[in-house]
Structure formats: structure tokens, C-alpha cells
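2 protein chains.
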Amino acid sequence: MVSQKYKDMLQAKSVIREMSAWANKRGSEIGYDNVFDYSLGNPSVPVPQAFTDKMIELLQTRDTMELHGYSQSQGIPSVRAKFAEYLNKTYGMNYTAEHIFMTTGAAGAVAHAVRVVTQPGDEVITFAPFFPEYNHYINQSGAVLKIVPADTESFQINFEAFEQMINEKTMAILVNTPNNPSGIVYSAETLTKLASVLEAKQKEYGHDIFIISDEPYRDIVFDGVDAPYVSKFYDNTLSCYSFAKSLSIPGERLGYVAANPKCTDAELISVMCSQVSRGIGHNCPPSIIQIAVAEVLGLAADLDVYEKNMKLLYDELVSLGFTCVKPGGTFYIFPKALEEDSIAFCQKALKYDLVLVPGDSFGCPGYFRMAYCVTTEKVERSLAALRRFVEAEYR
Amino acid sequence: MVSQKYKDMLQAKSVIREMSAWANKRGSEIGYDNVFDYSLGNPSVPVPQAFTDKMIELLQTRDTMELHGYSQSQGIPSVRAKFAEYLNKTYGMNYTAEHIFMTTGAAGAVAHAVRVVTQPGDEVITFAPFFPEYNHYINQSGAVLKIVPADTESFQINFEAFEQMINEKTMAILVNTPNNPSGIVYSAETLTKLASVLEAKQKEYGHDIFIISDEPYRDIVFDGVDAPYVSKFYDNTLSCYSFAKSLSIPGERLGYVAANPKCTDAELISVMCSQVSRGIGHNCPPSIIQIAVAEVLGLAADLDVYEKNMKLLYDELVSLGFTCVKPGGTFYIFPKALEEDSIAFCQKALKYDLVLVPGDSFGCPGYFRMAYCVTTEKVERSLAALRRFVEAEYR
Chain A
41 MVSQKYKDML QAKSVIREMS AWANKRGSEI GYDNVFDYSL GNPSVPVPQA
91 FTDKMIELLQ TRDTMELHGY SQSQGIPSVR AKFAEYLNKT YGMNYTAEHI
141 FMTTGAAGAV AHAVRVVTQP GDEVITFAPF FPEYNHYINQ SGAVLKIVPA
191 DTESFQINFE AFEQMINEKT MAILVNTPNN PSGIVYSAET LTKLASVLEA
241 KQKEYGHDIF IISDEPYRDI VFDGVDAPYV SKFYDNTLSC YSFAKSLSIP
291 GERLGYVAAN PKCTDAELIS VMCSQVSRGI GHNCPPSIIQ IAVAEVLGLA
341 ADLDVYEKNM KLLYDELVSL GFTCVKPGGT FYIFPKALEE DSIAFCQKAL
391 KYDLVLVPGD SFGCPGYFRM AYCVTTEKVE RSLAALRRFV EAEYR
Chain B
41 MVSQKYKDML QAKSVIREMS AWANKRGSEI GYDNVFDYSL GNPSVPVPQA
91 FTDKMIELLQ TRDTMELHGY SQSQGIPSVR AKFAEYLNKT YGMNYTAEHI
141 FMTTGAAGAV AHAVRVVTQP GDEVITFAPF FPEYNHYINQ SGAVLKIVPA
191 DTESFQINFE AFEQMINEKT MAILVNTPNN PSGIVYSAET LTKLASVLEA
241 KQKEYGHDIF IISDEPYRDI VFDGVDAPYV SKFYDNTLSC YSFAKSLSIP
291 GERLGYVAAN PKCTDAELIS VMCSQVSRGI GHNCPPSIIQ IAVAEVLGLA
341 ADLDVYEKNM KLLYDELVSL GFTCVKPGGT FYIFPKALEE DSIAFCQKAL
391 KYDLVLVPGD SFGCPGYFRM AYCVTTEKVE RSLAALRRFV EAEYR
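If you read the sequences in order, they're chains A and B.
So for the first sequence, our numbering puts the first residue at 41; every next one is plus one.
So for the second sequence, our numbering puts the first residue at 41; every next one is plus one.
Think of the hints as simulated: they come from the structure by calculation, not from any bench.
Honestly, I wouldn't trust all of these hints.
Identical copies carry no separate label here, and so any pair may be met within one copy or between two of them.
In silico DSSO-like links for lysine-lysine, alpha-carbon gap of 30 Å or less [claimed, not checked]: (1) Lys45 with Lys302; (2) Lys122 with Lys302; (3) Lys65 with Lys122; (4) Lys94 with Lys122; (5) Lys47 with Lys241; (6) Lys122 with Lys47; (7) Lys302 with Lys53; (8) Lys209 with Lys272; (9) Lys45 with Lys209; (10) Lys272 with Lys47; (11) Lys391 with Lys241; (12) Lys209 with Lys391; (13) Lys45 with Lys243; (14) Lys186 with Lys45; (15) Lys272 with Lys376; (16) Lys186 with Lys47; (17) Lys376 with Lys366; (18) Lys122 with Lys53; (19) Lys366 with Lys47; (20) Lys388 with Lys376; (21) Lys47 with Lys243; (22) Lys53 with Lys391; (23) Lys45 with Lys272; (24) Lys302 with Lys47; (25) Lys209 with Lys241; (26) Lys366 with Lys233; (27) Lys388 with Lys122.
Nothing here was measured: the structure is a model prediction, and the numbers come from that model.
Please model the entire structure based on the sequences and the hints provided.
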């Protein structure tokens, strides 16, 4: 019989998708160019030409069986070795190929990591504001997601609430820095403190507690911001990365789990991930994309656009009187709404063709997210609409 | 803590992999060309040039954001529509885009289909000989896999044993035709009888029973063999396809679930599959591959090689006295071993550099599988080794 569980899931609406659908519908009426659609976190900068050139070169020169053949379920060994080497060079780590498990994006990476370090009934803690898909990765694994309320002053970690929430059932902490939706980068101070709490709790409870570090925005960090590598602070760390944003290739679904070589069972994490994959028939990300990305490691799309957009928006928001923590990276900004009910606030904004997402589904009501992965020209045009909205509704 | 469940899975050895590892090790000693490696079911014919040309054309002409952008989680709408249209034209069906869910290969398709039509504790029946990875797709979903013993006369369905096994807990029947490992194609008679049993049981039990039809070898069918489309025989059918074999692109992980438009909740199957995907962070197969394959639908690699190899092997096996049902498709043949213990039989074959896989893990001890997706030249050279093996060990 058709599964009631998945049928029920169809009822749960995604606010982000609803907002995006509204934007598309409105776009069909007045032209999409005239809708200031800040709803979706889709990269908007072109794929680097060097990546396209590399793909064409591979197709023209490589043996097709090698290019399109099965990859081992952990990933192509030479690709995993190159990723390990790149991480070692960039972050001063000691990975080898065996610590790298290739996944379909950071989403696949987090979902696999959760299954490897928890059992059904275990608790996983994350910090608001957080990416709402975490609910699905964790709930479907059988573990339970617990949310630490946001520290809205800085969007760093609310340690007081965290220390009240952590308990013997806590097996993993899911962190996301640079953060979706706040755009905030966790400081070295935050990560040092987090590591020290976890070290103490591991001893107290007599079991491992892993950090699962969701890092799809690791390479989108703004000028002057220090973005520490989470795994440097805590041995039991599984880093989850994706090339979706840095290379602007979200549809090609390439990412990885990198297990800190000093973590418990470090040499087993990748093979265990491949057992998880096996059960869902998933096996490995596309071979040609694995090979192509490994050949252009370190290459990035022109990510400066996001910083330019952030500055335009941040300055305007502050000048309009919004309370707003300045993003250190990503392509998100997360200001406080001008009324307590951020859903009502975002509804009113639609009258001005401004598509914003209320903070409620990110575990942070009263705030709203703008995904400024749009053209700078559109950001510029949106500022007048933002001003009209605020002046008409809140002055 | 690291999950004991996945840790335990690492202990379970795969006989196919062990045989393949032996072949590679032996290859490093005497040259891989001199090892008659019939262990792995990896396509051996080149990717069609027209596919490579299409990939290059797309990379040279399409907007990169369109080519590499996020696909919707069910797949790119225009691609799903093209696949539906192709199936309708080829098999006289009435699919629309909404019935098609894009997956990472047939493995992903089967694993998703199982989760959509069963709940934990439900039973899924399959027929020996069967692809051993089914154990993982089903066990990890929480359902229970039941195996109907083989009809070794024909490798069609053993209906007597099947009707004893089916019960109120049976929610799905997993069929695989053309079959790995037997190479047999289910006849129209077999499928008609299967449908009629299931129609009766649906009424008796008062619930749906779905056929999950695993069809990665659908396009590898030999001259004169009629390969009926399973979904034509039974409304509650989910067809699971992969382009891995027909286009020789197993590493690119492209397949789909096609829900028969007359099945229960036909319009919900695909959206429910995307909820399953969501939980594993998987979301969608690579965009560029979806787009490229949709542009060359109907194209196939030169699959005639497999039939040539089959004939060479079948004739030699029969002339050596093996009992063997002639394959109707795939690139597998599944003869009876010359002693009861097929593991011992396959061990002895290694002395002659013949790498065969015992039937035990396919649920059919006493038989062995040869995957003849190797060059015809190698098949020809292997015949002498096969003769030496049989004459030395069994005459």
C-alpha cells in the first residue's frame, strides 16, 4: 500500500517554495524582471569558463568508459586523493583519500553523516536560525532534532541555552557556518568554546559526540572576515561540503564528507557512508563531474557579486532603521522584521513586489531572510521598493 | 556514537567483489588481459559518439545556469515530459510528466519505489535468482524481503512456491526482467499469470499490491526474443529504468521510476518519491546528464556485442555438457555448476584464470554467473581455458 508517512509529508507546505511560487506567478503577470525575488538560495553567477572548457576537453580526449564508468561507491579514488590534498594544503589538515566520501551535494553529505554517527532515538542539536531541510535529514534517519534558540544579538551560539539542552542522548551537533539564513560566520572564539563544551560532555557521558559541519558556503566569505575551518577545533568533526555554490553548479550534485583523521573510527566513516548509500540505491555522484571538478580544484565562480549585493542591501536596511547583523559570507541577510509577526510583514512586502521569507521556518520568528543571489542591477532597483514598503507600512 | 548497524554491515562480504578483487590482483601478476574476468556487470561497449557530441554541443551553446542549475527534486519538467512521451510511443502507454520521477539509476529507482509502497514490517517478495543488492534496498527501508525459490527448469516464476509465500503482509513484488543473473526474459504468459494472481490477492486482502519492475536491461534483448513491458500487464506497476547499460554510462547515475497512470495514487507516486529523496539529501540526478539523455532518447550503444558473446559462451557451455537455459537478454548467463557446491566449483575455476561467481548470493546455490560484458576477443580466448578446466577437474 502507498505509504501514509510520505503521503502526509505532502501536506506540509514549504514557506520558501510558496514564496518562490508567488514570485513566478507574479512574474508571469508583470515580467519576472520586475519582481524583487529574494526567496530562493540558487547561485546566480555564471559557471567559470575554465570548468566548461575542462568538461569539453574531457569529452574530446578521454576514453568514454573511464569518463562515464561506475565510480566506486565511496567515489573515484584519484578524485578523493586530490580533494584530501587540497584540504590539507588549504587548512593544514592531514586527510588521505580514505577520509573522503563523495556525495550528492552538502545535503547528501549531512544526511549520510547523521546516519553514520547516530542511531534511531538519538538526539542531534542544531542552532537557530537553521536550514529547515535539516528536519528531513534527521527525522527520516530516526534521530531527533533539537533546536537551540538563536542568539539574536550576534547569531553566534547561544551557549546558555545549548548547555541546558545537551544531554546523554546527544550524539551529534549540526553546525552551519557561514550560516544560512543569517550569513554569519562563527568566530574562532565560538568554535573554541563549542569544542571545549563538547570535550567535557564526551568525558561526562562516556561516549563520542560528533560535530557535523555543513559548509556549502565555505568559499563565500567577505573581505576582512576570518572564517575558521571547524574541523581544526575539534577532532570528532565530519565536514560536509558542496561545489554547488563555489562553482555555481548546484544541479550537478557534487559534494563530500571529510572525516577528521583524528576522529573516532576515522578510517571507517567513509566505508560506513557507502553502506548508507547502498540502502538507498544511491551509490555515487556522477563520474564526469567528479573527474572535471577534481581537475579544476580551487577554481571558483565570480563570487564578488554576492559581497557587492550584501553591501548595497545592508546599508539600505540600516538606513531604513532595520536591526541587522552584518553578514560575513553566503548570499543571505537576516534582518529583524518591523513588526513582531514576520509572516504578516512578508505578506505586506508582496504588495511592493518584494519577495522575502519569514524567519519562522528557520526557527527564528520575528526575522526574515533575503537571498541576494540575484543580479546587482536588480538589487539596486529593489532598494526603492524597499523604501516605499517601509515608509507606507511602518511610518 | 558511530552507528553499530552500519559498522556491522562492513563485515558482510560480497562474493562478487571478492571475485573481482581476485581478478584484479591476478591481473597485476599475469596481465589483466590474461584473466578471464566474468565477475562484474559493468558495461563494456563504448558510449555512442552521438551522446558525447550532444554533451559537447550543450556545453558550447547552452546558458550555464540552465545547464548546471538545480533541477526540481522530481527531475527537470521538460525531461520528464520527453521520457513519458518516449515510453508512450514505444510501449503504447499513457504516461505524462507527472508519472516520471528521475533517480540515480535503477538502484535509486527501486529503493525509492519500495519506500513509497511499503511501511516498515511489510513484506516484499522477489524471485530467485535475484540481484543481491535488493537485500539492502529493502532491509534499510524497514520492509522484509522474501525470496521465492527458483524454477531452475526455465528461470521463469515458480508459481507454486510464490502462492504459498504471498500473504496479507505482502505489499510489493519485485521483478527483474531481463534478469540478472539468469539472462532470462519473463514471457507474456508468465506476466499474465503473475498479474492474475495479484489481482485476486488484492481483492482477497483488501489492499494494493504493487509490482516494482527493475528494468535496467530492458534494451538488451536478443534476436527473436519477445520482451513484454511489465506495466502493460498490471496497473499497479512502478517501472524502474536506468540508462547505465543502454547508453554505457553507469557512472552518470541516471534512471527513473515510471508510475503506471492507472495505478493507485498515480499522480502522487512521483511527489512521494521526492519526499523520500529529501530525507537522504539526494534531491535529483545531475542536470546536464538529464538534459543530454533527453536529447538523444532512443539512442543506444552497440549492444550487439553482448549477443555475440552470449552465443559463443552458450554453445561452448552446452558442448561441454553444462545444463544451461539460453539467455534472452542482458549480459549474463547462469549455468548449473558441475558439482553441487558452486562455491567450490568457482574456486577451482580460478586455477584456470576463470573468474566466475557462485549462485549462492543470488539465492540459487549450485549455479554460477558469468557476466560477459567483456570483449568478444577475450570471450574467444576464454573458451580454451573453460575446456581445460572442465576436462581436468570433471572428466
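So, going through the hints one by one against the coordinates:
Taking identical chains as interchangeable, the C-alpha atoms of Lys45 and Lys302 lie at most 30 Å apart only when they sit on different chains, with a minimum of 22 Å there against 39 Å within one chain. In this assembly of identical chains, Lys122 and Lys302 lie within 30 Å of each other by CA distance solely inside one copy; the values are 19 Å within and 49 Å between copies. In this assembly of identical chains, the alpha carbons of Lys65 and Lys122 lie at most 30 Å apart only when taken from different copies (24 Å versus 44 Å within one copy). Taking identical chains as interchangeable, the C-alpha atoms of Lys94 and Lys122 lie at most 30 Å apart whether they share a chain (16 Å) or sit on different chains (29 Å).
Taking the shortest Cα distances, Lys47 and Lys241 sit within 30 Å of each other only across copies (24 Å), while inside one copy they are farther apart (39 Å). With identical chains, the CA atoms of Lys122 and Lys47 are at most 30 Å apart between copies only, with a shortest distance of 26 Å across copies and 42 Å within one. In this assembly of identical chains, Lys302 and Lys53 lie within 30 Å of each other by CA distance solely across copies; the values are 27 Å between and 41 Å within a copy. For the homomeric pair Lys209 and Lys272, the shortest alpha-carbon distance inside one copy (25 Å) is at most 30 Å, but the shortest distance between copies (51 Å) is not.
Taking identical chains as interchangeable, the C-alpha atoms of Lys45 and Lys209 lie at most 30 Å apart whether they share a chain (25 Å) or sit on different chains (17 Å). Taking the shortest alpha-carbon separations for Lys272 and Lys47, only the inter-copy value of 26 Å comes in at or below 30 Å, while the best intra-copy value is 42 Å. In this homomeric assembly, Lys391 and Lys241 never come within 30 Å of each other (Cα to Cα): the closest approach is 50 Å inside a single copy and 56 Å across copies. Proximity of Lys209 and Lys391 under a CA criterion of 30 Å is satisfied in neither setting, with 47 Å inside one chain copy and 53 Å between copies.
For the identical chains of this complex, Lys45 and Lys243 are inter-copy neighbours only, at 24 Å across copies versus 38 Å inside a copy, given an alpha-carbon limit of 30 Å. Taking identical chains as interchangeable, the C-alpha atoms of Lys186 and Lys45 lie at most 30 Å apart whether they share a chain (21 Å) or sit on different chains (23 Å). In this assembly of identical chains, Lys272 and Lys376 lie within 30 Å of each other by CA distance neither inside one copy nor across copies; the values are 33 Å within and 57 Å between. Proximity of Lys186 to Lys47 under the C-alpha cut-off of 30 Å is found in both arrangements, the shortest distances being 24 Å within a copy and 26 Å between copies.
In this assembly of identical chains, Lys376 and Lys366 lie within 30 Å of each other by CA distance solely inside one copy; the values are 12 Å within and 71 Å between copies. For a Cα distance limit of 30 Å, the shortest separation of Lys122 from Lys53 across copies, 28 Å, qualifies, whereas the shortest one inside one copy, 41 Å, does not. Taking identical chains as interchangeable, the C-alpha atoms of Lys366 and Lys47 are never at most 30 Å apart, the minima being 40 Å within one chain and 43 Å between chains. In this homomeric assembly, Lys388 and Lys376 come within 30 Å of each other (Cα to Cα) only inside a single copy, at 15 Å, whereas the closest approach across copies is 74 Å.
Within a single copy, Lys47 and Lys243 get their C-alpha atoms only as close as 42 Å, which misses the 30 Å cut-off; across copies the closest is 23 Å, which meets it. Only within a single protomer do Lys53 and Lys391 lie at most 30 Å apart by alpha-carbon distance; the minimum there is 22 Å, versus 62 Å between protomers. In this assembly of identical chains, Lys45 and Lys272 lie within 30 Å of each other by CA distance solely across copies; the values are 29 Å between and 40 Å within a copy. Within a single copy, Lys302 and Lys47 get their C-alpha atoms only as close as 42 Å, which misses the 30 Å cut-off; across copies the closest is 18 Å, which meets it.
In the homo-oligomer, the alpha carbons of Lys209 and Lys241 lie at most 30 Å apart inside one protomer (11 Å), although the nearest pairing across protomers, at 45 Å, exceeds that limit. For the homomeric pair Lys366 and Lys233, the shortest alpha-carbon distance inside one copy (22 Å) is at most 30 Å, but the shortest distance between copies (68 Å) is not. Proximity of Lys388 and Lys122 under a CA criterion of 30 Å is satisfied in neither setting, with 50 Å inside one chain copy and 40 Å between copies.
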